[in-house]
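Protein chains in written order, with the working numbering: chain Z, 7 to 311; chain S, -14 to 304.
If you are wondering where the hints come from, they were derived from the structure by calculation, not from laboratory data. A few of these clues could be false.
Each computed DSSO-like pair below joins lysine-lysine, with the alpha-carbon atoms no more than 30 Å apart [said to hold, decoys possible]: (1) S:K11 - Z:K199; (2) Z:K199 - S:K63; (3) S:K187 - S:K(-10).
Here are a few chain Z residues that face chain S, going by a calculated C-beta distance under 8 Å [claimed, not checked]: (4) Q25; (5) T209; (6) G211; (7) A212; (8) I218; (9) H221.
Simulated coverage check for chain S against chain Z, where a stretch passes if three residues somewhere in it have a Cβ under 8 Å from a Cβ of chain Z [unchecked claim]: (10) 84 to 94; (11) 100 to 109.
Virtual Cβ for every residue (Gly too), placed ideally from N, Cα, C.
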Amino acid sequence: MELKHEQFRVIGKDLSTAQKIVRPSLTYWQDAWRRLKKNPAAITAIVILTILSLLAIFQPMFSKYSYSDQNLMLTLARPGVEGHLFGTDNLGRDLFVRVWVGARISLLIGITGALIELVIGIIYGGVSGYKGGNVDNIMMRVVDVLYVIPEVVMMILLIMVMGPGLFTVILAISSLHWLPMARIVRGQILQVKEQEFVLAARTLGASPSRMIGRHLIPNVIGPIIVRLTFSIPGAIFFEAFLSFIGMGVPQPLASWGTLAATGQQQLIAHPHLLLFPSIAISLAMLSFNMLGDGLRDALDPRLRK
Amino acid sequence: MNKNKKVIEVKNLKKYFNVGPGLTLKAVDDLNFYIYEGETLGLVGESGCGKSTTGRTMIRLYDATAGEVLFEGKDVHKMSRAEHKDFTRHAQMIFQDPYASLNPRMTVGDIIGEGIDIHRIMGGKERMERIYNLLETVGLNREHASRFPHEFSGGQRQRIGIARALAIEPKFIVCDEPISALDVSIQAQVVNLLIELQRDMKLTYLFIAHDLSMVKHISDRVAVMYLGTMVELASSTELYDKPLHPYTQALLSAIPIPDPNIERSRQRVLLEGDVPSPINPSAGCRFKGRCRYAKDVCHQQMPELREVGPDHFVACHIV
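The shape of chain Z in the complex, shown without the other chains (with noise of 0.2 Å):
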């Protein structure tokens, strides 16, 4: 078959919608939330965690027994006898409520430690990474000699010397784990510095303030928040461990390592006293750890779909 000329025409095109975008706008963090709802993980993770805050806050409040109330008529009761829900523990208290006050010291030391954390880690690793040359050789490095230390024994002497009590462990745990946010801080801050829309804000004139607010933190505050979600457990993680060797928050007050520590002892006869802060902490580590991971997914912009 052959085209001729003649049977082609001009229709002409409009120009007015060929610039036109049909997509709906998503900002950032519709996008990842629209990302972290697909992910089955993650959203147990959220409901998981957030019954348990729901318990931490509510449940001392409404509930009959005190975490400190002795009933030495009815120590070491199993779960479920006189309203005890969890069984009480071996001075006679209810072992329910102090699970969820345990909770409270818990996710309190959790989140204040990775929040102190992120502050001292974004201000080490931006400063670093923003001022760059010298500067960031020398901040660097003292990181480097920090990393040396073992953690374990820098807690315990910090706790020895100021004495046990909640702020000293949360001071304890955030000691050095700042170094690794500081580290992540950097290293992003000195990725995104390089790009032309940071070189395009300085042909503008803005300034260091505007720089690091409006163009640095916003894009650099995915990887951050995920280290948070993954900093929160280790915090409650080295909480329980410096309880379980007796180094926590002092009696009467209940975390979930003194209470496991406590459990411990009288794990053949009464395994109920280990078994249910055990379980607390398990579902707070690893929902936390699957809310990170999720979180991971959702932020990274590789992974945009």
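With chain Z held as given, fit chain S onto it using these hints.
Leaving out everything else, chain S in the frame of chain Z:
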């Protein structure tokens, strides 16, 4: 083009990078040129010859190792903080990579409006109106202001980059390979937009590129760089008709001709070897190793840029 007024003048500009103990990378070595008001100066050369470094040093994204960059008579590198901020209102840059040059966390409106915000030119409704106008100037819709960069194609992003540079009504724009990352079909669009804007807003361009035919299309004069030095500078017709430097000749002979009959019989000047490393270069002409006319003098002395015809400058001992 106003031949009476030089907007920007580069004098003996040097930019060296320390790449290790005793190793100096001479990215830009002793450049001298100027650009008239309303002119487009094309800057060509192969990858790694210091084109982008020149552009970035000229607007103080890099600090010069030595030499001066005079913008309307004032040395850019010796400006006080306030003077420099004022300079950023007048000199802008369009970047090479449209995917890296827009902040992915900011809306297009905020990206374009950033210069307006930094220099506190206007606010509120007036600012938004300005942003909408700019979007329409570069051929996008006003609805695009609330969208994010990742929703746009490469050509659209590049136009957003152009709108950002225009927002503060600069006099001088460094176009750092603004089209080399784009499809050929989009390249013409962007270049024609740049030409139109220059006419309407009396802009002065430094147009960095390695696409010679595109440079000829947009530039009034063209400068050829080789390994941090300038080898030839002439008006674009003169340079393309009568290239004098052996490197320019080789470069121009590489342009394909869109006519199969001529293309088949086209004589090409083939260069031997690779570009030598700009780290600690040896004495003499930078091009000597690959030049088929090289003589003894080329190995001993660096040729100076001298005028060999009206407004035609060459740095070569042979010419």
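Evaluated hints:
1. With a CA separation close to 23 Å, the supplied pair S:K11 and Z:K199 stays within the 30 Å bound.
2. Pair hint Z:K199 plus S:K63 holds up; C-alpha atoms about 24 Å apart against a cutoff of 30 Å.
3. For the hint pairing S:K187 with S:K(-10), the CA-to-CA distance comes to about 13 Å; that is within 30 Å, so the pair holds.
4. With a cut of 8 Å, the hint placing Z:Q25 at the interface with chain S holds, because the nearest CB-to-CB distance is about 5 Å.
5. Taking 8 Å as the C-beta cut-off, the interface hint given for Z:T209 holds, the closest approach to chain S being about 5 Å.
6. The restraint placing Z:G211 at the interface with chain S holds, with a minimum CB-CB distance near 3 Å, inside the 8 Å limit.
7. At a threshold of 8 Å, the smallest CB-CB gap from Z:A212 to chain S is about 6 Å, leaving the interface hint in force.
8. Interface hint status for Z:I218: violated, as the beta-carbon distance to the closest one in chain S is roughly 13 Å, over 8 Å.
9. At a threshold of 8 Å, the smallest CB-CB gap from Z:H221 to chain S is about 6 Å, leaving the interface hint in force.
10. Counting residues of the stretch 84 to 94 of chain S whose CB falls under 8 Å from any CB of chain Z gives 7; the rule of at least 3 is met.
11. Coverage of the stretch 100 to 109 of chain S by chain Z holds. Counting CB-CB distances below 8 Å, 3 residues qualify, and the rule asks for three or more.
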